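Number of protein chains: 2
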Amino acid sequence: LDYQHVQVPFEITLWIMLASLAKIGFHLYNKLPSVVPESCLLIFVGLIMGGIIYGLNDKSPPVMDSDIFFLYLLPPIVLDAGYFMPSRPFFENIGTILLYAVVGTIWNVFGIGFSLYGICQVKAFHLQDVSLLHNLLFGSLIAAVDPVAVLAVFEEIHVNERLHILVFGESLLNDAVTVVLYKLFRSFCEMPAVKSVDVFAGVGKFFVVGLGGVLVGLTFGMTAAFTTRFTKDIRVIEPLFVFLYSYLSYLTAEMFHLSGIVAIIACAMGMKRYVEANISLKSHTTVKYFMKMWSSVSDTLIFIFLGVSTIGENHEWNWPYICFTVIFCLMWRALGVLVLTFFVNRFHVNTITSKDQFIIAYGGLRGAICFSLVFLLPDFHRKKLFIAATTVVILFTVFVQGMTIRPLVDLLAVKRKRESAPTVGEQIHIRFLDHLLAGIEDISGHWGQYYWKDKLEYFNSKYLQKILLREYDQPKSSIVLLYEKLERKHAIELAEAGQLGHAPSHPSLLHSGFLCSNNDRTVITDKKLEDTLNPDVLENIQEILARNLYRIRRTGPAYNRHTLPGETEPVEHAKEILILRHKSL
Amino acid sequence: LDYQHVQVPFEITLWIMLASLAKIGFHLYNKLPSVVPESCLLIFVGLIMGGIIYGLNDKSPPVMDSDIFFLYLLPPIVLDAGYFMPSRPFFENIGTILLYAVVGTIWNVFGIGFSLYGICQVKAFHLQDVSLLHNLLFGSLIAAVDPVAVLAVFEEIHVNERLHILVFGESLLNDAVTVVLYKLFRSFCEMPAVKSVDVFAGVGKFFVVGLGGVLVGLTFGMTAAFTTRFTKDIRVIEPLFVFLYSYLSYLTAEMFHLSGIVAIIACAMGMKRYVEANISLKSHTTVKYFMKMWSSVSDTLIFIFLGVSTIGENHEWNWPYICFTVIFCLMWRALGVLVLTFFVNRFHVNTITSKDQFIIAYGGLRGAICFSLVFLLPDFHRKKLFIAATTVVILFTVFVQGMTIRPLVDLLAVKRKRESAPTVGEQIHIRFLDHLLAGIEDISGHWGQYYWKDKLEYFNSKYLQKILLREYDQPKSSIVLLYEKLERKHAIELAEAGQLGHAPSHPSLLHSGFLCSNNDRTVITDKKLEDTLNPDVLENIQEILARNLYRIRRTGPAYNRHTLPGETEPVEHAKEILILRHKSL
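If you read the protein sequences in the order shown, they are chains A and B. Residue numbers for the first sequence follow the working numbering, beginning at 178 and rising by one. Residue numbers for the second sequence follow the working numbering, beginning at 178 and rising by one.
Quick caveat, the hints were computed from the structure, so don't treat them as lab data. Treat the hints with caution; some may be incorrect.
If several chains are the same, the list does not tell them apart, and a pair holds so long as it fits within one copy or across any two.
Only pairs whose alpha carbons sit at most 25 Å apart, straight line, appear in this in silico SDA-like list of lysine to any residue [stated by the list, open to error]:
# : residue 1 : residue 2
1 : K662      : V185
2 : K360      : L309
3 : K459      : P263
4 : K662      : F520
5 : K459      : M446
Keep in mind the model is a prediction, meaning the values are calculated, not measured.
In isolation and in its complexed conformation, chain A is listed as follows (with noise of 0.2 Å):
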C-alpha cells in the first residue's frame, strides 16, 4: 500500500465526493430542503464530521486554510455569481448597490469596532487589554455580508428581484472595501504609531482597489472574448477560456493587493456576450453546467469546511465579548440599511418599502469569508477570542437567520419574484422605454444612466463587436435569431408530441397573418417584413428594434445555482406558442 504517493488528490476527490454525496443526500428527502437551507444542512453534516475526527484524533479537526479558500474555492463560486449575474436590474440599482456595499460596510466596521471598545472598558468584562485597533480590525472582518451564504439563503427564498440584488450585489462589492479596512488596521496593528498620512493614503486606496480590480476584470474579459474569435477550429477547448480568464484576471488582482473579487465579477461580466456569441452552443452548455457545478461544490465544500474548522480548541470563550458582537453586528447593519435607505429613497421614484428594509437589514449573513479572514490574522493573544466571537457570529446569522428568514418573507408578505419571464409583448416596450428615456435623457441634456447606457451601446457596437465577435461581417439581427430558435423550439415540441405529421399545414397561417398571438404577431410580422421591404428599409427597422430583444428574454428569471437560466424558459415560450398557435385554428 502506497498511500503518501496519491495522498493529495485522493484526499481532495475524497472530500468532493463527500461534498456531492451530502448533496445528492439532502435532495432525496424532498421536504428538507424546503424547511431548512442547505448550507445549515452542510455545516452540520461539517460539525459531525469534525466530532468525529476530533473524537478519533483527540485533536481538532484541520481548520480550512485560507489560501485554500480564496485561491480555490472563492472564485467558482464568485465566476458564477458574475456570469449569471442579471445586468439590468444591477446596473439599474448599481447607485444604491455602491451605497450599501461602501458607505454601509464602513459604517458597520466603524460602529462595531467602536462599540466593542466601549463593551471592552467595563472593567467587570476582563476585556481591557483588547486595544481599539484590534477592535476595529475584528469590526472589519465582521461587518462584510458574505456573498456566498447570502446566495445560498437568498435563492431558496425567491424575494423580488430588486431586493435580492440588493443584497447580494452588496455583499459581492463590499469585498473591495473589506480588503482595504481589513489590511489598513492589520498594518496600523503593527505599526508603532499611526500617522494622519497613513488614514489618507488608506482613503486613496479604496479607490485603487475597487477601480484597478474592475480594470484587471475588464481587460482579461476582453482578451477572453477577442482569443474566442479563433477558436473556430477547435471547438473542444474553448470552454477552457473562459475559466482560464476569469481565474487569471482574480489571481493577477490578487497579485496586486486589489479587489479579486471584483476583478473576476469584471470578467465575467464584460466577456459573457461576446464569448457567447463565438463559442458554439455545445461549448456553451458546457460552461454553463460547468459553472454551476464548481460553484455548487466549491459552496458545499465551504460549509462543510466551516463545520469541521467548528469543532476544536481555537476558541477562548467570553460571554459579554460574544454576545455583544452578535448584538452590535445586527443593531448597525438594522441602523445603516434604516439611514442609508432613508437617503436612498428621497432620491428615487421607486423607493425601497420598510419590509424590503427590513429583509436588506436581516439578509446581511456572514460565512466563510469572515471565518478564513480571521485565521489570517497575525497572532496575539486574544486572536482565539475573535475566532470564537466569529463562529457564533457566522452559525447565529447562517442557522437563526438563515432558517427564519423564509417565515418571516412569508409573514411580511414580502414581494416576491414575478413567476413568469416576460412576454415579448412587454420586453418590446421596455426596449422601445429605454431608446425612447434614452432619447429624452439626450435631448434634455441630462446624463442619466439611459444615456450612458446608449452611449456604451453605440460605442459597442461601433468598436468593440468588431474586434471581439468573430462573425461581425454577418451580423443577424437578433430578432431573427430569436425567431429561429422560437421556430425550432416549436418543431422540436411538434415532433415530441408526434404532431410534427399531423400538424396543420402552415403556409396558410404565416400567410394570412392571422394569429391571436403578440408573440407571434410580432416574430410572424418580422419575418414578413423581411419578404417585402426593401434590404435598407428593413436593416433600419431592425436596428431599431433588435439588438437586444433576445437577449433581454434571458436576463429574465433570477438567479439560481442549481438549475441553468433558459433551460426551462424558452421551452415554456415555445410551449405559450404553440398553445396559442392551436388556439388560433
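Place chain B on chain A using the hints.
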C-alpha cells in the same frame, strides 16, 4: 506585489493557457496540421521554451515531475480513451490485443535488454559497467508503446478501425506488464541476490496487477452508475461523478500498486452505458465535452513539457548505446509483431495483412510514460545515459516515425477507415447475425465470443440494469428512442431550412407507408406496429430487435480527440432521411 501567494495556481493556469494558445495557433494555419502531427509541433514549442529558460537562467529548465505526470496529466487522457473506446472492435480483437500487449511487451523487454547487454560487452564502447539487470530495467521502460503518442498520431491518419484498435489497445493494456516488469527489475537491482522464488512471484504479479486493475475499475464504475440513479433533483453535479469515480479508481489502483490505466479504462467502459441512460442530455454533453477538453489540454501539456525537459544537462552521450537502442527498439518490435501475427493469423479467418503488420510495427511510438519512468529510476552512475537514450528514442519515434507514417499509409494504400457510418439496414443485419451466431454457438456447445456476449447481455438486463438504471420500470425500446431522436433532428432540419411551414403534410406520408428509403421504412414500420399490434406482441418484437440499435450507430465513427462522436453523424442521418423523404414525393 505578492507573487508568492498566488504562484502555484498562477503558474499552472499560465501553462494551461500557453498550451491552449499553442493549439489555437496551429489550427489557424490549416495546412500545418495536415503535414506535421500536432505532437511534433508541441514538442518543438517545448524545445524552444526550454531553450529560452536555459538561456535566461543558465541552468537546466525544470523537468516534468513524474508525479505530476502520473497523477494529473495521464488520467484525463486515459479516461477519455476509455470512455470513447469503440467497444465492439475492442472486444472482437481482445485476444489479439492482449497477445500483443502481454507477450509482445515481454518479448520486447527481454529482446532489447539482452541485446543491449551484448553491446555493453564490446570493450570499445566503454559500457562494461552497465549490468544485465540495468539493461533489462532499461528495456522494461523503453519497450512499452505509449498510448498518448499513439493516439496523437493515429487519430490523424484514419487507418481502418481494426488496425487502430490493435495498436491503441495494445498501448493501453501493456501498462500492466510495464508496471510489473519495471518494478520487478528495479527491486532486483536493489537486491543482493535474485532467487528463483522472486521470479515466480513476478509472474504471479502480472495477473494480480492486471486483473486487480480491472476489478477496481469495474467496482468504481458500477458505484458511479449506481450513484447517478439518485441525481435527478440536482442535475448540475451529475457530470462530476463520472470524473470523480474514474479518478478514484485510478488513484486506488495506483495506491495498491495495480495498473491505474487498466482500472480507469475498465471503470469508464463499465459505467458508460448506465451513466448515459441515467444523466440528462445536457449533463452528458458536458461530460463528453469536458473529457475531450481535459484530455486535449493534458496531451498538449505533456508534449510541451517533453520538449522543455529535453533541454538541459541531464544527458550523458554515448553514440553506440544510443544508436543501438533505437535500432533494437525498431528491430525487436518488428520481429515481435511478425511472430505474434503469424500465430494470430493461424487461428483467425480474418487475418492481419502484411501491410497492417508493417503499420502495427511502425506505429510503436514511445512517449511521456517512458520519459517519466526513466526519471523515476534510482540514482546510479549511468542514469544520465539512460535518460539520453530514452529522449532520443522518444524524439525519433515521434518525429521520424510520426511524420512518415502518414505518407507510408498513403503509399502502401493501407485500408482506411470507412468514411460513412453504417446504415440502419446494415446495423440491423449485424445485430441479427450476432443473435444468430450466439444461438448457433449455444446449440453447438461452443463457448465463443457470441455466446459470452449473449450471456453478458442477459445478465445485464436481468440484474445490472435493475440496480443501476433509474428508469428501469418503464424501459423504452431503443428503436423508439431512435425514432424520436430522428424525428426531432428532422424537425430541426426543417425549421432551419425554413420549411416547417411549407413542408408537405406528413400524415399522408406516414399512413401510406410508401417510402423508398430503407431507414425510413424501418423506423416507420416500427411506428405503425405500435399502432396496430397489441402491447404484448409488440414488446416481444421490440425486445428482439431493440436493445442496442441506437448504440451501435454511435460506436460507428472512429476515435478522434478533436471532435465529439455523434456531433456530426446523427445530423448526417437526419439529412439523409430528409433528402430521401423529399425524393419520395
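To see whether the hints hold, each was checked on the structure:
1. For the identical chains of this complex, K662 and V185 are neighbours neither inside a copy (46 Å) nor across copies (43 Å), given an alpha-carbon limit of 25 Å.
2. Proximity of K360 to L309 under the C-alpha cut-off of 25 Å is restricted to the intra-copy arrangement: shortest distance 16 Å within a copy versus 64 Å between copies.
3. For the identical chains of this complex, K459 and P263 are neighbours both inside a copy (22 Å) and across copies (23 Å), given an alpha-carbon limit of 25 Å.
4. Within a single copy, K662 and F520 get their C-alpha atoms no closer than 45 Å, and across copies no closer than 58 Å, so neither meets the 25 Å cut-off.
5. Taking identical chains as interchangeable, the C-alpha atoms of K459 and M446 lie at most 25 Å apart whether they share a chain (20 Å) or sit on different chains (24 Å).
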